[in-house]
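> So the protein lines, in turn, are chains E and F. For what it's worth, our numbering labels the leading residue of the first sequence as 1, then goes sequentially. For what it's worth, our numbering labels the leading residue of the second sequence as 1, then goes sequentially.
Derived from the structure by calculation, the hints contain no laboratory data. Misleading hints may appear alongside valid ones.
To be verified - Here are the simulated DSS-like cross-link-like pairs (lysine-lysine), alpha carbons at most 27 Å apart as the crow flies:
#: 1; chain 1: E; residue 1: 112; chain 2: F; residue 2: 29
#: 2; chain 1: F; residue 1: 169; chain 2: F; residue 2: 38
#: 3; chain 1: E; residue 1: 29; chain 2: F; residue 2: 212
#: 4; chain 1: E; residue 1: 86; chain 2: F; residue 2: 29
#: 5; chain 1: E; residue 1: 359; chain 2: E; residue 2: 374
#: 6; chain 1: E; residue 1: 29; chain 2: F; residue 2: 112
#: 7; chain 1: F; residue 1: 29; chain 2: F; residue 2: 298
#: 8; chain 1: F; residue 1: 29; chain 2: E; residue 2: 212
#: 9; chain 1: F; residue 1: 166; chain 2: F; residue 2: 374
#: 10; chain 1: F; residue 1: 298; chain 2: F; residue 2: 38
Computed from a prediction, not measured in an experiment: that's the story for all the values here.
For reference, the chains in residue letters:
Protein chains: 2
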Amino acid sequence: MAVIGILGHGTVGSGVAEVLLRNGNGIEKKTGTVLTIKKIFDRNSFPDLPYSHLFTRDISEVLDDPEIDIVVETMGGLEPAYSYTKRALESGKFVVTSNKELVAEYGPLLQKIAHQHHVEYFYEASVGGGIPIIRPLRQCLAANNIYEITGILNGTTNFILTEMRKKGKDFETALSEAQARGYAERDPSADICGFDAQRKIAILSSIAFGQKVLYTDINAEGISRITKEDMLSAEELGYVIKLVAHATRMGDGIYAMVSPIMLPLSHPLADVEDVFNAVLVRGDAIGDVLFYGRGAGKYPTASAVIGDIIEAANYQPNGNGTAAMQDEVSATVLEPDHFMFLYKFFLRLKTKDAEGFKKEVSASLPDARVHIFKNPLLDGEAGVLTGARSESELQGIRDTLASLDNTITVLSVFKVSE
Amino acid sequence: MAVIGILGHGTVGSGVAEVLLRNGNGIEKKTGTVLTIKKIFDRNSFPDLPYSHLFTRDISEVLDDPEIDIVVETMGGLEPAYSYTKRALESGKFVVTSNKELVAEYGPLLQKIAHQHHVEYFYEASVGGGIPIIRPLRQCLAANNIYEITGILNGTTNFILTEMRKKGKDFETALSEAQARGYAERDPSADICGFDAQRKIAILSSIAFGQKVLYTDINAEGISRITKEDMLSAEELGYVIKLVAHATRMGDGIYAMVSPIMLPLSHPLADVEDVFNAVLVRGDAIGDVLFYGRGAGKYPTASAVIGDIIEAANYQPNGNGTAAMQDEVSATVLEPDHFMFLYKFFLRLKTKDAEGFKKEVSASLPDARVHIFKNPLLDGEAGVLTGARSESELQGIRDTLASLDNTITVLSVFKVSE
Numbered sequence: 001m002a003v004i005g006i007l008g009h010g011t012v013g014s015g016v017a018e019v020l021l022r023n024g025n026g027i028e029k030k031t032g033t034v035l036t037i038k039k040i041f042d043r044n045s046f047p048d049l050p051y052s053h054l055f056t057r058d059i060s061e062v063l064d065d066p067e068i069d070i071v072v073e074t075m076g077g078l079e080p081a082y083s084y085t086k087r088a089l090e091s092g093k094f095v096v097t098s099n100k101e102l103v104a105e106y107g108p109l110l111q112k113i114a115h116q117h118h119v120e121y122f123y124e125a126s127v128g129g130g131i132p133i134i135r136p137l138r139q140c141l142a143a144n145n146i147y148e149i150t151g152i153l154n155g156t157t158n159f160i161l162t163e164m165r166k167k168g169k170d171f172e173t174a175l176s177e178a179q180a181r182g183y184a185e186r187d188p189s190a191d192i193c194g195f196d197a198q199r200k201i202a203i204l205s206s207i208a209f210g211q212k213v214l215y216t217d218i219n220a221e222g223i224s225r226i227t228k229e230d231m232l233s234a235e236e237l238g239y240v241i242k243l244v245a246h247a248t249r250m251g252d253g254i255y256a257m258v259s260p261i262m263l264p265l266s267h268p269l270a271d272v273e274d275v276f277n278a279v280l281v282r283g284d285a286i287g288d289v290l291f292y293g294r295g296a297g298k299y300p301t302a303s304a305v306i307g308d309i310i311e312a313a314n315y316q317p318n319g320n321g322t323a324a325m326q327d328e329v330s331a332t333v334l335e336p337d338h339f340m341f342l343y344k345f346f347l348r349l350k351t352k353d354a355e356g357f358k359k360e361v362s363a364s365l366p367d368a369r370v371h372i373f374k375n376p377l378l379d380g381e382a383g384v385l386t387g388a389r390s391e392s393e394l395q396g397i398r399d400t401l402a403s404l405d406n407t408i409t410v411l412s413v414f415k416v417s418e
Numbered sequence: 001m002a003v004i005g006i007l008g009h010g011t012v013g014s015g016v017a018e019v020l021l022r023n024g025n026g027i028e029k030k031t032g033t034v035l036t037i038k039k040i041f042d043r044n045s046f047p048d049l050p051y052s053h054l055f056t057r058d059i060s061e062v063l064d065d066p067e068i069d070i071v072v073e074t075m076g077g078l079e080p081a082y083s084y085t086k087r088a089l090e091s092g093k094f095v096v097t098s099n100k101e102l103v104a105e106y107g108p109l110l111q112k113i114a115h116q117h118h119v120e121y122f123y124e125a126s127v128g129g130g131i132p133i134i135r136p137l138r139q140c141l142a143a144n145n146i147y148e149i150t151g152i153l154n155g156t157t158n159f160i161l162t163e164m165r166k167k168g169k170d171f172e173t174a175l176s177e178a179q180a181r182g183y184a185e186r187d188p189s190a191d192i193c194g195f196d197a198q199r200k201i202a203i204l205s206s207i208a209f210g211q212k213v214l215y216t217d218i219n220a221e222g223i224s225r226i227t228k229e230d231m232l233s234a235e236e237l238g239y240v241i242k243l244v245a246h247a248t249r250m251g252d253g254i255y256a257m258v259s260p261i262m263l264p265l266s267h268p269l270a271d272v273e274d275v276f277n278a279v280l281v282r283g284d285a286i287g288d289v290l291f292y293g294r295g296a297g298k299y300p301t302a303s304a305v306i307g308d309i310i311e312a313a314n315y316q317p318n319g320n321g322t323a324a325m326q327d328e329v330s331a332t333v334l335e336p337d338h339f340m341f342l343y344k345f346f347l348r349l350k351t352k353d354a355e356g357f358k359k360e361v362s363a364s365l366p367d368a369r370v371h372i373f374k375n376p377l378l379d380g381e382a383g384v385l386t387g388a389r390s391e392s393e394l395q396g397i398r399d400t401l402a403s404l405d406n407t408i409t410v411l412s413v414f415k416v417s418e
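Sequences and hints are given; from them, build the entire structure.
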C-alpha cells in the first residue's frame, strides 16, 4: 500500500491519475501493491472529473502530509519543481518524475539528497516516454562495459523529419503540422534546436558511463536548417536524415553530441518514424540492443511513471543496487576539435559543369565519391561523400570544394553514419 | 557483497564467469556490489583456466555451502537442474537461471518455493538472451493492461530463414550452415520444430497476462516445411516469412501459437535478421514497445544472468513488488477451432492456365486476391491472398481452391500478418 501525491495535472499528470484509476486492480493483482492517490496539486481545479475532490492549490497539503509516501512530479521546468522535489525528498518521500529538464540539471544532486534520506529519485519517464530504458540500463545491463549509446530521443523532430521525407513538405509546413497535432509547443525551440535530446543523452550517458555528463557540455545542433532538397538528396543516395543523439567513450573522456545525421536505410534507427523514439545501446557483453516505442504522449509517459511508482512502493533501503548517477565529478566531455571521432561527410553543392566538377573533386579529394543528382528538383546539383574525417578537418574540405572552378555554392553539409 | 556458485560451465556458465572476472570492478563501481564466485560445479575440470581452482564435481560443495548466497543454474534441461534448483531455494539461496526448459515447465512452482523461503528465482536469461524483456515486463510495464505479445524468439530458426531468403539456400543447406556455425544443435528439433519458441512465449505470456500459460497448450509449428520457393513467392509479394511466437488475450482466454508467418516488409519484426531476436509488446498505456538484440550466445546471455545476479545480491525480502508468474490456476489457452482470431492466408498453387485460374478464384472466393508470379523459378504458379478468416475456415478454402479446374496442386499455405 502506497499513498501518492501528484504535482501538476497537465498531460502526464492527468495520464498518471487516469491509468492508476483504470488499471489499479490489475496492478494490485500483478504486483500485490495497492496504489492510492490522496492529493493532486494544481493551480486549476477540475470540477467535472470523477476525482475532483483530490485537487488542492496548497502545496503543503502534499509535501507536509506524512501519509503521502510518493510524490509524482509532472510539473516540468526547473522551478518550483526543484524546490518541491527537494522538500519532498528531505521529508523522506520518494519522488517519481517525468521532468527531463530537472533531471538533466539537478538529477545527480537530487539523487544524492534522496539517498541521504533513505529514499530514491526515480526518472524512467524523463527519457524515451514509455520505453523502458533507464531501468534496463541501470539494472539489466549493469554487467556490461557500455561504450556507445545512439538514439532518436525527440519525437517532435522525428515527426517533422518524417513529414518532410514522406510528404515532401518543407520544414515550416511540417512544423505547423506538428503544432496542429499538439506534438510541438507554440515555442518549439527546445525540440527543434536539439535541447530536449541534449538533456536526454546527458541523462542516459551519465547512467551508462557512471560519470556525471553535463548537458551543457554536449554540442547540440537542431533541424531547422534542413530543407526538403536535403531530404531528396539523401533519399537518392539511399539515406535518411535523422536527428541523432550520440555518446561514446573515448579513452577517459566522452564524446557526445546531438546532430542531424544521414543514416543508411539499413541502419537500425533509419526505420524509426513519426513520434517514435529508439535507443541503441552497445555493450561488451550484450553487443547491440535496441529499445523502441512511443517517446512521448500522455499514456506512454504515464506507463513509465507508474512503473517507477510501483518500484518506489516496494523499495527497501539499501536494497536497490542499481547504477546511480554520479554527483561528485563531472565527466570530461571532449571538444569537437580535440576528439578523433571520424565521420564521413556529405556536402550538397550547386555546380556549373557536373562532369568537370567530378574531375576536379577526384583530383583534390581522391577518396571522395561524387554523385550527380538525377531528381529534376536537384537539377545542377552534386553530392560529395568524403572519406572518414574528424570534424576539425571538415572546414578544410568545405573550403577546398567551395574553391573549385565548377562549384557555384555549397548548399548543405551533413555527417554520415555507416 | 554476494557469494556465487555456478552450476554448469558450458557456453553460458563460462560466459558468466568470464564477464564477472572481467567487469567485476566496473559492476562494483556502478552498483556498489562485490560479486565473488566461490565454486563452479561441472563434470569436467578446466586446468588451464585462471580460475581452475574453483571447480568441483561435488554438488554439495555448492548447495550445502552456507556462504554461497546465489546459485547460477546454467546446466539446461530438466534434471538434475530441477532438483538442484529446488534444493538451493529450500536452503534459502537465490537461483538465477538461463534454462528456458526448466522455467517453462516448473517456473511458477520454483518461484513459489522461492517465496516460501524468502528468496527469488530469477530467469531474465531464459527468454531473448541478453535482451532485457522479463524485468521490463514485470516492472516497467506493470501499469499496463498488456493484450498482445509478438516475437521472434528463436535465433537459430531466424538465422536459417535469413540464409534462405538472402542467399536462396534451401532449408537443409541453411540448417547445415547454422550447425557449422554452432547456432544449431546436432539434434536441431527443439529449434526448428518451434519448441524453443513455444516455451519462451509461454514464459512471456504467463508474466504479461498474470496467468499460468502451459507451453504444452500452445500450438507450435516449425520451419522445416518452408522451401526456397516459398521465400521467393513471399518476396515477390512484398513479404518475408518469419517464425513468429504470438500471444493475445481473447476475453478470459488466451490465444497463443508459434508458426511461420508472412510479415509485410513494413512490419516491425520484418527487419529482424540472422540470430537476432525481438519482442513487440502492446499495452493499453504504452502502445507498442519493441525490444531487440542478440537472443542467444555466450556473452549476451551472461549479460542477462549477471543483471539478475545483481538484483539477487541486493534483494530485500517483501520488497520486490514485481509481477510474479501464477502457479495456482492455468490459463485457458483457446483451441484453434474455437477462437475467432482472424488472419489472411496465403496459398501458393501450381496452376494450368493462369488467367483461367484467376477467373475461377474471383467467382468462388470474391474477396481473395490472385497473383501470377513473374519470377521464372515460380513458373506456372499463382498465389492467393484470402480475406480475413479464422483458422477453422482455412480447410474449406484450401478444398475450394484445390478443386478448381485450373488448379494442379496446392503447394503451400501460410498465415499472413498485416
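> Hints first: check each against the structure and report whether it holds.
Okay, the hints, checked on the actual structure:
Taken as a hint, the residue 112 of chain E and residue 29 of chain F pair is honoured in the structure, with Cα atoms around 16 Å apart against an allowance of 27 Å. For a cut-off of 27 Å, the pair hint linking residue 169 of chain F to residue 38 of chain F is broken: about 47 Å separates their Cα positions. About 14 Å separates the Cα atoms of residue 29 of chain E and residue 212 of chain F, which keeps this hinted pair within 27 Å; it holds. The hinted pair formed by residue 86 of chain E and residue 29 of chain F meets the criterion: a straight-line CA distance of about 26 Å does not exceed 27 Å.
The suggested pairing of residue 359 of chain E with residue 374 of chain E holds, with an alpha-carbon distance near 18 Å, which does not exceed 27 Å. For the proposed pair residue 29 of chain E and residue 112 of chain F, the alpha carbon gap of about 16 Å is at most 27 Å, so the pair holds. Taking the CA atoms of residue 29 of chain F and residue 298 of chain F, the gap is about 24 Å. The hint holds against a cut of 27 Å. Between the alpha carbons of residue 29 of chain F and residue 212 of chain E the distance comes to roughly 14 Å, so the proposed pair stays at or under 27 Å and holds.
Between the alpha carbons of residue 166 of chain F and residue 374 of chain F the distance comes to roughly 19 Å, so the proposed pair stays at or under 27 Å and holds. Proximity of residue 298 of chain F to residue 38 of chain F is assessed by CA-CA distance (about 21 Å); at most 27 Å being required, the pair is judged to hold.
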